[in-house]
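Trainee: Positions in the first sequence are counted from 1; adding 311 to them yields this note's numbering.
The set of hints was computed from the structure by calculation and includes no laboratory data. We treat Cβ as the ideally placed atom computed from N, Cα and C, and that holds for glycine. Just to be clear, a hint being listed does not mean it is correct.
[Claimed, not checked] Simulated pairs of lysine-lysine, DSSO-like, Cα-Cα distance not exceeding 27 angstroms:
| id | residue 1 | residue 2 |
| --- | --- | --- |
| 1 | K426 | K436 |
| 2 | K489 | K427 |
| 3 | K489 | K539 |
| 4 | K426 | K371 |
| 5 | K436 | K489 |
| 6 | K371 | K554 |
| 7 | K547 | K323 |
| 8 | K371 | K436 |
| 9 | K447 | K489 |
| 10 | K447 | K539 |
| 11 | K447 | K436 |
| 12 | K323 | K554 |
| 13 | K426 | K489 |
| 14 | K371 | K323 |
| 15 | K427 | K371 |
[To be verified] Here are the in silico distance ranges between beta carbons for each label pair:
| id | residue 1 | residue 2 | range |
| --- | --- | --- | --- |
| 16 | G472 | G409 | 42 to 50 angstroms |
| 17 | A448 | D469 | 38 to 46 angstroms |
| 18 | A324 | Q399 | 14 to 22 angstroms |
| 19 | Q515 | D429 | 25 to 33 angstroms |
| 20 | N542 | D398 | 32 to 40 angstroms |
| 21 | S505 | K426 | 30 to 38 angstroms |
| 22 | A324 | L361 | 15 to 23 angstroms |
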Amino acid sequence: MRIASWNVNSIKARLEIVTDWVVADNCDILLIQETKSQDMNFPVSAFINLGWHVVFHGQKSYNGVAIISRFPIEDVTAGLAGDDEDDQARYMEATICGIRVATIYLPNGNPTQGKKFDYKIAWFKRLEVRARELLKAEIPVVLGGDFNVIPSDIDCYDPDGWSGDALTHPESISAFRKLVYIGFCDALREIHPSEVIYTYWDYQAGAWQRDNGVRIDHLLISPEAQDKLVNVGVDKGPRGLEKPSDHTPIWCELVVN
DNA sequence: ATGCCCCCGTCCCGGGGA
Numbered sequence: 312m313r314i315a316s317w318n319v320n321s322i323k324a325r326l327e328i329v330t331d332w333v334v335a336d337n338c339d340i341l342l343i344q345e346t347k348s349q350d351m352n353f354p355v356s357a358f359i360n361l362g363w364h365v366v367f368h369g370q371k372s373y374n375g376v377a378i379i380s381r382f383p384i385e386d387v388t389a390g391l392a393g394d395d396e397d398d399q400a401r402y403m404e405a406t407i408c409g410i411r412v413a414t415i416y417l418p419n420g421n422p423t424q425g426k427k428f429d430y431k432i433a434w435f436k437r438l439e440v441r442a443r444e445l446l447k448a449e450i451p452v453v454l455g456g457d458f459n460v461i462p463s464d465i466d467c468y469d470p471d472g473w474s475g476d477a478l479t480h481p482e483s484i485s486a487f488r489k490l491v492y493i494g495f496c497d498a499l500r501e502i503h504p505s506e507v508i509y510t511y512w513d514y515q516a517g518a519w520q521r522d523n524g525v526r527i528d529h530l531l532i533s534p535e536a537q538d539k540l541v542n543v544g545v546d547k548g549p550r551g552l553e554k555p556s557d558h559t560p561i562w563c564e565l566v567v568n
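Make the full structure from the sequences, and use the hints.
Mentor: This is how it looks when you write it as structure tokens:
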């Protein structure tokens, strides 16, 4: 079972790149972020025509998440509990072949002084509450998405230049590590503990050509999923295409019994 | 120090991204 996560920066602008990739990669489940599409405009038929299943949770212009799968999608929940005032479409869960998956688009949090950063940290706390509940279920869980956190210096081409940013802020990193302390595994680091691997390169200043990247897209997996983990990687291919997303997919492979 | 680039929308600028 191959499960991937990808911030596509608009599902409509990236439709061909995404459909081509899921077919070529032999991916089974793709967790998508930044669809930037209202539900009524989501390009459902492109995935139905492939024989895939699709669920989505969007809003106008910004944010938006989706899950597409070769296998039936069950028990879908949209939104993250803990704040009735929060109307940003950043979270959705579903069960596919007995695996509970979540697609996560964590707030960026810049600037670090003010409401946006407070929202990020509050959102992280809500995610931790949900993550603890999911661990209690003792089933394979994959939390995949754009966490907007650079967990350590080796995950950044220029740690000094990024100091003071919301993505490297100590509170952001603590909140991310907390998910690991309570029991989730940073799947990429399980297989590649010290390799420099990025998932995002800015559109600006030739960041891709200079390999000025950061690792901010993550797959956090429960112990029951970790037991089934055989491989993890990042596919840089889509970032090098014409009109790419600024993120590229991260994937993991779980053995199925 | 700032912007570079890209996407969206009652749309040709401004907000948001990271």
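Trainee: For every hint, state whether the structure bears it out.
Mentor: Hints and how they fare:
no., hint, in the structure
1, K426 to K436, "holds (15 angstroms)"
2, K489 to K427, "holds (20 angstroms)"
3, K489 to K539, "holds (22 angstroms)"
4, K426 to K371, "holds (21 angstroms)"
5, K436 to K489, "holds (10 angstroms)"
6, K371 to K554, "holds (22 angstroms)"
7, K547 to K323, "holds (21 angstroms)"
8, K371 to K436, "holds (25 angstroms)"
9, K447 to K489, "holds (16 angstroms)"
10, K447 to K539, "holds (18 angstroms)"
11, K447 to K436, "holds (17 angstroms)"
12, K323 to K554, "holds (12 angstroms)"
13, K426 to K489, "holds (22 angstroms)"
14, K371 to K323, "holds (13 angstroms)"
15, K427 to K371, "holds (19 angstroms)"
16, G472 to G409: 42 to 50 angstroms, "holds (43 angstroms)"
17, A448 to D469: 38 to 46 angstroms, "holds (40 angstroms)"
18, A324 to Q399: 14 to 22 angstroms, "holds (20 angstroms)"
19, Q515 to D429: 25 to 33 angstroms, "holds (27 angstroms)"
20, N542 to D398: 32 to 40 angstroms, "holds (38 angstroms)"
21, S505 to K426: 30 to 38 angstroms, "holds (37 angstroms)"
22, A324 to L361: 15 to 23 angstroms, "holds (19 angstroms)"
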